[in-house]
Amino acid sequence: MVSYLFKRILSMLITLFLITLVVFAILSFSPLDPAELAIRGSQGEGQGTQSAQEDVADAIREYRAFLNLDKPRFLNLDVEDKPKLVKRTFPQLLQPIPQKTDENTKELMEKLSKAKEDLKGMGSNCFRELAEFLSKHDLEAFENLLVPLAETFVPKDLWDKGGFNNISHSKLKAFLEAVQQVVLLRERLKSYSEVDEKEIKKLKEKVNLAKNLFLSWWKGEKEKFDINRVKALAQKFAQASPKEREKIGKELVYLKKVTIPFLIPYVLKPQEFKKDPHDQEDLRLQTIDILIQIMPDVRYSYKKTDPPSVKKEAILYWKYWWERNDKYFLTLSKKEKFLRAFTHTQYATWMSRLIHLDLGKSWYHKKPVLDVILERIPISLQLALPSFLLVYLLAIPLGVFSATHRDSLSDRLITLFLFILYSLPSFWIALLLIQNFTSGTFGFFPTGQLSSTGFDKLPWWQKILDRLHHLALPILCMTYGGLAYISRQMRAAVLESINQDYIRTARAKGLKGTLVIWKHVFWNSTIPILTLLAGLFPVLMGGSVIIEYIFSIQGMGLASFEAVMQKDRPMVMAIMFFYALLVLIGILVVDILYAFVDPRITYD
227 MVSYLFKRIL SMLITLFLIT LVVFAILSFS PLDPAELAIR GSQGEGQGTQ SAQEDVADAI
287 REYRAFLNLD KPRFLNLDVE DKPKLVKRTF PQLLQPIPQK TDENTKELME KLSKAKEDLK
347 GMGSNCFREL AEFLSKHDLE AFENLLVPLA ETFVPKDLWD KGGFNNISHS KLKAFLEAVQ
407 QVVLLRERLK SYSEVDEKEI KKLKEKVNLA KNLFLSWWKG EKEKFDINRV KALAQKFAQA
467 SPKEREKIGK ELVYLKKVTI PFLIPYVLKP QEFKKDPHDQ EDLRLQTIDI LIQIMPDVRY
527 SYKKTDPPSV KKEAILYWKY WWERNDKYFL TLSKKEKFLR AFTHTQYATW MSRLIHLDLG
587 KSWYHKKPVL DVILERIPIS LQLALPSFLL VYLLAIPLGV FSATHRDSLS DRLITLFLFI
647 LYSLPSFWIA LLLIQNFTSG TFGFFPTGQL SSTGFDKLPW WQKILDRLHH LALPILCMTY
707 GGLAYISRQM RAAVLESINQ DYIRTARAKG LKGTLVIWKH VFWNSTIPIL TLLAGLFPVL
767 MGGSVIIEYI FSIQGMGLAS FEAVMQKDRP MVMAIMFFYA LLVLIGILVV DILYAFVDPR
827 ITYD
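When you line the sequence shown up against the working numbering, it's residues 227 to 830, in that order.
Hints in this document: simulated from the structure, not taken from any laboratory.
Quick caveat: nothing in here was measured; it's all calculated off a predicted structure.
For every residue, glycine included, the Cβ atom is placed at its ideal position computed from N, Cα and C.
There are no misleading hints in this set.
For lysine-lysine, the following DSSO-like pairs were computed, each having C-alpha atoms within a straight-line distance of at most 27 Å: (1) 476 <-> 495; (2) 538 <-> 469; (3) 529 <-> 545; (4) 337 <-> 430; (5) 592 <-> 537.
Have a look at the derived ranges for each label pair, beta carbon to beta carbon: (6) 523 <-> 320: 24 to 30 Å; (7) 336 <-> 504: 45 to 51 Å; (8) 254 <-> 524: 24 to 30 Å.
Construct the entire structure; sequences and hints are all you get.
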């Protein structure tokens, strides 16, 4: 049995893997872009201004990266690392911004948006290569390159809010102010109906000024950004006391993103640098504080007094951030690139998170998918389990009785009644029950919900009665269809067993009819009924969509309906995986029950 279970579970895992592959493929090849739907849907239709189009393109690209939709689905033939991004990004940013706002510019705008984001992503980690590039090229397409370069120091939305006041280095501050003037001049030129040569000349002068100021600043500061020096400074930071780290941290903040590959291990694996748990947490929190100062748009932290779940979520966030952004800092070997061709894909990322039970965040519910599922499963179980038990407890005796009284009046009446039940749609019965038994003369049952007001104050036995009172009608609607079907299957199985030779032999030996039926016929007849069990429970869990909707019950069925209607992709994928897992578990349980029902079946 143990050997069989091991093989069975292994085959389940393989099957589950193939199911996830199919589910992912079906959803990922949808013509709808989830990121574009989310961003454009919230902003409405229309072309808008060129600047607005750039903002939308940036937002879509960022959202795609957040959902890992910027990666290939199954095979990544364009594995990115820092050398590759440097080689591709700088030339792309020299391309002029298209002046038209038609659909033909969409692809170019997306490339420009990605190039600008890649430059901001690399930040000071690419200053050495960027300075060399700037010294060899004129900057006609100034805004594409200078603005994201300036944003590596101060985010653009802070330029008009005194964002430069904290910059102590005079040349760096002058560079940022020059870039700001370039942007203002560019916006002014856009408003002119005719070309103003004087303004264009002034603009070019400002561009060259900004370029020269950056190169001048870099010439005096480049030694500070030396990789070996940065690495040594980060090591010194880890070894220092909490008070000493504050001083070293200021220099690390000045060096910006070039420090990140040396700091991120202190967040993800502080135990490798400190033995004491308190020292580990101090190192992690101080490192996160520095990272937030380096990247003001990334503000995910926690306090020492926060519960473990909050701390875990914060660490997980930084883990995923590094997975998405390590390409800006690493130089990969051929072997690493080959491995990333398979691991840095949408499917591999989704599977990795699935294994860690990180199912993503529901777009509709605005909270983690796992939290939604864990909230809804107990509610659906309160419907599915009673329905499941009632179906089998009623259907099996009815099926046996009907088979042992074949072609009698009672058999025909039971058959007629059950076929009538089976033919009635559950949603129609649900509406009739609500109309006739929740109000008026026969209003014995409440309409919807799971409990009465003041439920929490009731004693435990009254809570059970109150819950049954609220769930009676939904359970009835979910039970009668399965009752009709299972009882007919049981009747057919019993009739087949009754006609077997060993049953005739048992009767010929003088065994009582009741003993023959329940000791010999019944157990052999349950095998096909057990087979149906594997699929019935998942059907009850998922088939309650309409019932939960009609009775306003917040269970898994309603969650499935909402996910499909709202195009909530993370929720849909998680629910499909959940139902597949239920079916596989049901099949495994049925296989085990076979051995208990029929001694002839063994797994040795």
